[in-house]
Each structure stands twice: as C-alpha cells, then as structure tokens.
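Protein sequence lines, in the order shown, are assigned to chains P and S.
Taking full-length UniProt numbering, the leading residue of the first sequence gets 1, the next gets one more, and so forth.
Taking full-length UniProt numbering, the leading residue of the second sequence gets 1, the next gets one more, and so forth.
Hints should not be assumed to be uniformly reliable.
Treat identical chains as interchangeable: a pair holds within one or across any two.
Claimed, not checked - With a cut-off of at most 25 Å between alpha-carbon atoms, the simulated SDA-like pairs for lysine to any residue come out as follows: (1) K151 <-> L262; (2) K121 <-> L263; (3) K151 <-> P219; (4) K153 <-> L262; (5) K153 <-> D10; (6) K153 <-> S56; (7) K121 <-> R144.
Think of the hints as simulated: they come from the structure by calculation, not from any bench.
2 protein chains.
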Amino acid sequence: MTMTIRQAIDTMMAQIPGASREGSVDTVKCGDASQPLTGIVTAFTVTHRVMREAASLGANLIITHEPTYYNHHDRTDGLAGDPVYETKRRTLEELGLTVWRFHDYWHAHRPDGILTGVARKLGWEPYLDLGRPAMAVVPATTLRSLALELKHKLALPFVRIAGDPEMACRQIGMLLGAVGAERQIDYLRRDDVDAVVCGETAEWQTCEYVRDACAGGRPRGLVVLGHCGSEDEGMRYLADWLRPLLPAVPIAHISSGDPLTLLA
Amino acid sequence: MTMTIRQAIDTMMAQIPGASREGSVDTVKCGDASQPLTGIVTAFTVTHRVMREAASLGANLIITHEPTYYNHHDRTDGLAGDPVYETKRRTLEELGLTVWRFHDYWHAHRPDGILTGVARKLGWEPYLDLGRPAMAVVPATTLRSLALELKHKLALPFVRIAGDPEMACRQIGMLLGAVGAERQIDYLRRDDVDAVVCGETAEWQTCEYVRDACAGGRPRGLVVLGHCGSEDEGMRYLADWLRPLLPAVPIAHISSGDPLTLLA
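One chain only, chain P, in its complex shape (with noise of 0.2 Å):
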C-alpha cells in the first residue's frame, strides 16, 4: 500500500521521540498530507525554483527549515492579497505541493540534524564536543584561516569575519542560522569559547562585543556564512538521513542558494 504524506511526517516524528510538538513551528503549511506521497525534496528553503524543480521530479512534499511566507509562524492573516504570497500560495496549490516545516525537530534531534550534516560536509564530525552543546573543537588555526576554510568547504562566493583575523582559534561555538544576538554573546562571554561560527548576525549586537574583547585584550572572533549557507548541508544531510527511512521513495535535496549577491 502507497504512504500518505503524513505517514512519511509520522515515521520521521517517531525518529525524535523527545520534541515536544506543543508550540512548534514544524506543521503543515500548506497542501493535503493525506495524498499518497510521489516523492520529497528536502530544502533550506521554498524559493520559486525549489517549487518548480520538485514538481518536476514528481515530488509532492517539500520539507523546508525556514518558514514558506516571511515570519517565523507562516502567519498569513496580514498576508491576504499581497501579490507576492498570493503567487507563491497559487503556484504551490498549482504543483500539488504540500510544504511541512522540519525546523525545531531536525534541531532537536540528537545529535542536531543541521549541525550534523554541516560537520560531514566539513569533515568535523571528529571536531564535535558532544559534552558542550554546539561546540567543536578544531586543529589550532587562525580566525583568518577559520573562515577561509569554512568558506571553501562549503562553496560559499564570501564570508565576513568580526575580530582579530590572526588570533589564536581552537574552541568554536557553531551556532549556524539566526540565533540571535543573545545566544550568541552568551556563547562569546565564554572562557571556553575562542569564536562563533553563525549565519546571520546582529552587527550593533555581536559585533561589537567582538570589536571590544579584541580591543580589550580577550580575544574573541565571529564568523558570518549567511544563512544559507550555514544551514544548507543540514537539509542536504536530511535527504541522506530519510533514505533509509523511507526506501521506497524517491528523496532529492534542492539547494535553495544565496538571496544576496555581492558587490566588492
């Protein structure tokens, strides 16, 4: 018998038995979960094209870490009739795609689903503190070579760096997508922390605190990869991780890319 789409969302809930669901941003945006599933593109998140890529792979579930329309909650009331939900709303409707959120369970899972799959790719898997949350510990670097080696691994066009380039980096906070200001200064405060790694940042927040610890003799270094790509290899690694899960179904991973481009 064919699966239904939330049989296939059922079967990779009971992979994380300890995510609570009460307040979780993980639901069904939009489309019927009780069609039989043809297919998943797992994806950073909903851009025009991933829509259009997935229907042309016959997939009819897209599992998306970012929200479909602009606010962490999908909340759609303010949304009624600006033309651009309107034509994503259409153009999803129109492909037959139901769109399910996999954003605090993927980080919930254990070890995390993003960082996990980020660390394969960079080949850190035997960097991760599994003692200290979201922590590596890296070979003795540089801030400078850090990002560079971050930003070649991954193919990212640029990174940008807060801090010292040639201070002394071995303990790194790998706090990738958003945040937040907060968590991220927590992480910087530490005695056991050198650097964060991050996706977006909050300039007049985190980087000043950067700017003062190095100004201030504790150094400290910040390492922005945008949020996509700091995030993207962990909706890469998802597709890998669902494969076993599902075998019947065909499973494509849809690099979203960078929204900006930049002018040097």
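With the hints as your guide, set chain S onto chain P.
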C-alpha cells in the same frame, strides 16, 4: 560660565520638542553629566578607538547612536564580571567620559537626523519625498547601479543586494539601520516602493520576500549597506548640526568603522 554636560544635552533636546522621553533609550549611559563640558564627539557606536580618540581630543562627552553595552536598553545586570564589559566600563571611567545615547530623538527630529545626514552625503537631499516617511525618489536607475552609487558615495568596501540586479529602481525606501524584517517587508509590499536600502536585514525573511517577489513577476530590490555604513554619516551630520547650537564647544565626529571584514 561654563556649560555642563547636562545643559548641553538639554539644549539639544529643546530642538526636538515633540520627542517623547517616555521609555526612550536615549539616556546617559555612564559618567557624570554635572561636569563642565570640555568637548563633544559624535559616533555611530562607542568603540575603544572612539574612546581613546575622544579623550585625546579633550572631549568628555560621547554622543552615540547605538548602545554601549550590546543590547537595546544597555542593561548591564547580566554583564557584571564579564571582562569585556568591565574593561570597557573601567576605560570610560578612567578617561573621564560621559556617554549619552542619541538614537530615538535623532530619528524623531523632522526631518530624521540620520536620514538627512546620509542624504547630504549622497547628494540626495532634493530626492527625499517629505510627504512619505523615509522615501527617496531618484532618477531612474537599476538595482545594481543604485547599490554601486551608494557603495561609492559612502565609501563602503562592499555592499550586498537581493533581487534582480537589472530591475528598474526609482522609489526607494530608506530604512537605514536595523529596523527589523517586518518594517522592511511592509515597505517592499507597497506599490510605490521599488527597493529598500537598509543597514542590516533578516535573510530568511526580507531577502526571501524579495526573492519570491522577483520570481513571481513583481520585482523588488534590497540593498544592504551594513549597519554602521548606513548610519555613520547621520552621526557626522549631528556634529555639523550641533556646532551652531553650541558655538563655544569643540565638536568632532569619529567614524566607528565597520566591525565586519569581507573575505571574498
């Protein structure tokens, strides 16, 4: 009779009669405002270099646009014992500096003080549309050319853009600083806005709205200047604005500089 720091602050405040002091973050962050004023430095943010240069100029008042202690309200209760905070606090004390934040009031000035300073630097004062808050109507251009003009005139090492680089731009939302994704998207949704210029953004929200807008046939653009790059000229203009108000006081602007460096 020599003017005190407090009297200088009151003189500035008297120029912005409509601004509510209720809940404003524009308070004295450290120092003793009853001291005689020896000189003023305006700055985007209080870096160690800004502190040292202010002291070497003989100034004892720094007027800053952004917080001193890494959060909007400069709460320091959680920072006690933090070496980065303690070093900064002690340095300010040793240099005899008073720090006053001038954020809400400067934005509440009509026209907005930050926007005016940036528009003067750009030569865009004739383009400001005073009938619509934070809007400029520029000669027809493309998103790429707009971004390169801003980069060049503000002397920024790099800028980032979201949206089609070749899209036509004329009506520009000048949302300098980090106003939040909600307000950025509110501007981008409008029929009378082609592009938004900002300091910081939320990639997973504003940039994805822009990406969907362009893919869905309703082109919108975003230019991300960096937070300091987007507002520093507004604090330079503050120095010009202050000189006739306080003609006997030495007043200088010190550029904070961007805390982030590009590795491309």
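Status of the hints after comparison with the structure:
1. In the homo-oligomer, the alpha carbons of K151 and L262 lie at most 25 Å apart both inside one protomer (14 Å) and across protomers (11 Å), since each shortest distance falls under that limit.
2. Taking identical chains as interchangeable, the C-alpha atoms of K121 and L263 lie at most 25 Å apart only when they sit on different chains, with a minimum of 20 Å there against 27 Å within one chain.
3. Proximity of K151 to P219 under the C-alpha cut-off of 25 Å is restricted to the intra-copy arrangement: shortest distance 22 Å within a copy versus 30 Å between copies.
4. Taking CA atoms no more than 25 Å apart as the test, K153 paired with L262 passes in both settings, with 19 Å inside one copy and 17 Å between copies.
5. In the homo-oligomer, the alpha carbons of K153 and D10 never lie at most 25 Å apart, since the shortest distance is 34 Å inside one protomer and 55 Å across protomers.
6. Taking the shortest alpha-carbon separations for K153 and S56, neither the intra-copy value of 29 Å nor the inter-copy value of 45 Å comes in at or below 25 Å.
7. With identical chains, the CA atoms of K121 and R144 are at most 25 Å apart within one copy only, with a shortest distance of 19 Å there and 33 Å across copies.
In this structure, the hints that do not hold are numbers 5, 6, in rising order.
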